[in-house]
Amino acid sequence: MSEFADQVSQFMGPFVGRVPHNKQLGLRFIANGNNWVELQLPYAPHLLVDPDHGIWASGPIITLMDTCVGMASMLTRGAFEPHATLDLRTDYVRSPKAEATVTARGECYRMTRQIAFVRGLAHDGDPADPIAHVTGTFMFAASKLAGGWQ
Amino acid sequence: MTSPALATLLRQPTGRLDLLPYAALLDLSFERVGEELQLVMPFAETLIGSPGRLHGGSIGGLLELAGLLTVIAAQPEGEALPRVRPVTVTVDFMREGACLETRAVASITKLGRRVVNVHAQAWQGSRDKPIAAAHINFVLDWPER
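Chains A and B are the protein sequences, given in the same order. If you're matching positions, the first sequence starts at 55 in the working numbering and goes up one per residue. If you're matching positions, the second sequence starts at 2 in the working numbering and goes up one per residue.
Just chain A, same shape as in the assembly (with noise of 0.2 Å):
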């Protein structure tokens, strides 16, 4: 692994959990390599949209995958540079099991001046056996690849 994947899996990841946004949720930094990051939301009646059926709210899978697959782009920056995302796309290929554990893998596989192509699935156990799927980019505002800002 990089130097930076390093400082990142020991300064950065145990952050995520403390991001105010991801303590609310119970969200928790798992393991990264150079270009990915892996994540886990534990289930709390609180991520629920709709108790009575036991259905996940789209929004904590959202807050889930974008911290993670922006991590991921952040990786492979290979920096800590301001970014935001651009847009995230989340396909629900099925509901998760009744109170489990959605864990989240997110990478970066294409990294330009400006842009960080990212994708990411989700599931509740079984990583071939998903139940979300994500592409999305971020903008990162310098163009250190570059050599300066452009």
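Check the hints yourself; a few may be wrong.
Keeping only pairs whose Cα atoms sit at most 20 Å apart, straight-line, the calculated SDA-like set for lysine to any residue is [as the list claims (entries may be wrong)]: (1) LYS151(A) to ARG86(B); (2) LYS151(A) to VAL88(B); (3) LYS151(A) to GLY67(A); (4) LYS151(A) to GLY87(A).
Hint data in this document are derived by calculation from the structure and do not stem from the laboratory. Being a predicted model, the structure only gives us computed values, none of them experimental.
Guided by the hints, dock chain B onto chain A, whose structure is given.
This is chain B only, laid out in the frame that chain A set:
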């Protein structure tokens, strides 16, 4: 959520959305403004994602709920209600979410019996400067007759 209770609630001019646990977590309420159903998310420290900015996920969650509730409110009165679930949600983030109240509305592009296409928008202060928008496809599961 008992859908009939929710449908009844949404016919009121204003109210809190505590029937939905995630909406209660975000402290959401709604206001009827003309034909529109506006969702209101007051600022709270717990919504922050990075210093001085709302988490994109909380804005996405608000947009999805604006869509969901607009779909429920659009169902004919007095009939059995379907279960409404999002299948695809695409969120565009245009401006950063400041530490302010956020409002969201949704409009239905096509109200089908099985699929509803929705566009939702969120803003802070000035409605002509949206901070985020979403395109959502909902699928309706009707109870067995």
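Taking the hints in turn, this is what the structure says about them:
1. LYS151(A) to ARG86(B): holds (15 Å)
2. LYS151(A) to VAL88(B): Distance ~16 Å between LYS151(A) and VAL88(B) Cα, so the pair holds.
3. LYS151(A) to GLY67(A): Violated - the C-alpha atoms of GLY67(A) and LYS151(A) are around 27 Å apart, more than 20 Å.
4. LYS151(A) to GLY87(A): violated (28 Å)
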